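We have chain F; now place chain P onto it with these hints.
Number of protein chains: 2
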Amino acid sequence: MLCEVSQLPNFLEKKVIVRGWVGHKRKSGKIRFMTLRDGSAVVQLVFSADELSDGEWASFSELKQESSVVISGVVRNEPRAPGGVELLVNSLEIVQIPEQHYPVTHKEHGPDFLLTHRHLWIRSRKQAAILRIRHMVSRAIRSFLDEQGFVETSTPILTPNACEGTTDLFTLPYFDLGDVYLSQSGQLYGEALAMALGKVYTFTPAFRAERSKTRKHLTEFWMMEPEMAWYDRDMTLELIESLIKHIVQMCLDRCESDLHVLERDTSALRNILAPFKRMTYKEALSWLNERGRALNFGDNLGAEDEVLIGESHEVPVFITGYPAKNRAFYMKLDDTDPDVVLDMDLIAPEGFGEIVGGSQREEKLDVLKSRLKDHGLPQKPFEWYFDLRRYGSVPHSGFGLGLERTVAWICGAAHIRECIPFPRMLYRIQP
Amino acid sequence: MLCEVSQLPNFLEKKVIVRGWVGHKRKSGKIRFMTLRDGSAVVQLVFSADELSDGEWASFSELKQESSVVISGVVRNEPRAPGGVELLVNSLEIVQIPEQHYPVTHKEHGPDFLLTHRHLWIRSRKQAAILRIRHMVSRAIRSFLDEQGFVETSTPILTPNACEGTTDLFTLPYFDLGDVYLSQSGQLYGEALAMALGKVYTFTPAFRAERSKTRKHLTEFWMMEPEMAWYDRDMTLELIESLIKHIVQMCLDRCESDLHVLERDTSALRNILAPFKRMTYKEALSWLNERGRALNFGDNLGAEDEVLIGESHEVPVFITGYPAKNRAFYMKLDDTDPDVVLDMDLIAPEGFGEIVGGSQREEKLDVLKSRLKDHGLPQKPFEWYFDLRRYGSVPHSGFGLGLERTVAWICGAAHIRECIPFPRMLYRIQP
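Respectively, the protein sequence lines represent chains F and P.
Quick note: the first sequence, position 180, residue 180 per this note's numbering, numbers continuous.
Quick note: the second sequence, position 210, residue 210 per this note's numbering, numbers continuous.
No false leads were mixed into what you were given.
A pair holds if it fits inside one copy or across any two, identical chains being indistinguishable in the list.
As a list, the in silico BS3-like pairs of lysine-lysine whose alpha-carbon atoms are at most 27 Å apart:
1) 380 x 64
2) 369 x 64
3) 277 x 245
4) 364 x 25
5) 64 x 126
6) 364 x 64
7) 15 x 25
8) 27 x 14
9) 126 x 213
10) 369 x 380
Hints are computed from structural coordinates only; laboratory data are not their basis.
The model shown is predicted, which means the values in this text are computed figures rather than measured ones.
Just chain F, same shape as in the assembly (with noise of 0.2 Å):
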């Protein structure tokens, strides 16, 4: 019976067939030892003289690093073995012996050189955990939202403004119709779906043109938007914490050994499932001062500030109620404190920093507007956007999650360029 690795566990005593590629080998005695990944796991299989042909047993000298081999055996219970099993091989057929030794090895290789083989080096055993790990934090999200009603939907990478300056925009020309953009976010756009479809999410790559080279940025990433109508601040809080909460147990639940592979402390992702610490961008300021970090209201939250507070908590911590000037002109206003809006940052535990951006989005036109002048920008491309606001105004929040950056918390990985199939950063374009 052909197989998947990561489910011979489920096939103790069977005889089934893997495929898939060598990876390292040893002899002990009479018996010879061999590692097999198939994409879905890692399995030891065990050949033995008696159970081979001659050719058979010779092939295996042969095998080198990424071979490709068809492989028939039975699954033993063997505690000692990743995975819990291992496979005593009946039959090895050859698919492909590379010519050239595998590039990619067990030593120490340079950043540079594994990017460069970004391609071959996805195959190793820490990068294709962190690549199911993404998945299933994809699955997740869409599992907790579709399951409460939103509609997935999508809004366009191509666009028309560079409404807030470009630049941290690439840009392009587009036919006969001038430079447009590709997006750094949805959301204007998925302020339309709400009001079309009630609660929307979408779910796409975003890009940020930052001429910054630190191990948290890529120039594009993807991004998570919901938009919801009818939702205050408050709404949107729960709605966070829920979400989170449920992306970090379906990863726990279901990726154990991707989690054990990457040698994650996965205590400290089960402490997140108590209550999220919230504080306000004022408490913060206190928090941060008394630690000797000298801040002052309209200062913004640097990265260190935010891995100070993300280090010091077990919990994600919210932070709201930033400065009005500081944010984007269409958070709302706080009513009760002019100065701030109903925004929220959620900062990951152990330094990881912020995962989650959002607020309550301002329903007033006129606040909107003023708002915009405020912010020193034209009223002209936000005229569709507008619109929004002068048919059927309702309160609504969103808010957007990035995914590389929640993935790196959850694997405990310290660069987000290993959170993404092929990475494209400031100097880095290839493979």
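For chain P alone, coordinates are given in the frame of chain F:
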């Protein structure tokens, strides 16, 4: 109890609160009727003077189309009303009445007017139904593939090489690294991911800078691309057929009322649950020749030919074995007839054209290189791709499914531009 309109049939005789936007009003004697949409569905509201305060009764007459309101009322069975229920209103709270009349009315509007008002047009009944079905198509795809152990992953939008010429590519400068291109397909990257993860799929925007202006062209569209290690062409045909049936079945099961709104002939959709028709390219030529189309071996089938084939069959039609010289270099040659490749196109019934295209991939490096040469393409940009054949090459296959084309077929929509929230076309980048 707060309730979504689509859920009202589950709350017969119960008192509920619904929130949404006003549709059309009419009166009949001492009773007033109004439709209300909330994004999930539309319901008929019944206002009776006995049930409301004088103020509320007076408010009714002030309501304009797309006013936002909160309503409480009792759900009653009403087979003649949309959705089979109506709401007898107890209270009416007005959130906003537009100052101006809503521009998108029941009148016939021209396509340019509707596309310019796309942010509002999506609120109309049919457009919202299409977008909900679009979500269901995506959900069906993901549930089918996730269930079978596929890993959803992503391939880059920003790509470094214009491997097959720059004619139909959007081009943009990338920092100091020269020009890059917006991806038309993630396939080559998908192959690398299949060698790492076994069975993968991507679901991303794709871009085609074609100067075409037909009802089937978008410059930005969504494409779903699975890639499977160890799959040959025949396994891939089986997979596609099962997938398409699953999509249609889920839409029939869960989008009945939306398909009804679209006046979709669902018997045509039910027909496709029978086995799909398979013809080789050569058989398709004979079939077309018999119907008066003058085509010879080596000619491409045009959109008209695909429409003719699709209109003549009640089930989708696979066409396999196109001439090798017309097809991409990575498609595997058919050992039994090296003039043709192991590919497949799937033509939707009823003249909706091609919705899937794919092939088994050439796994032999020497054949791949010679095919590349035949196509007049340079080798250097493909060096990383060749590595997939150097290190553990295995038979593998994949395909691409165009989301909007599939949605157009399922919805019976004449124009693909209605199957994406904000269409991008040769002359359309707004809103």
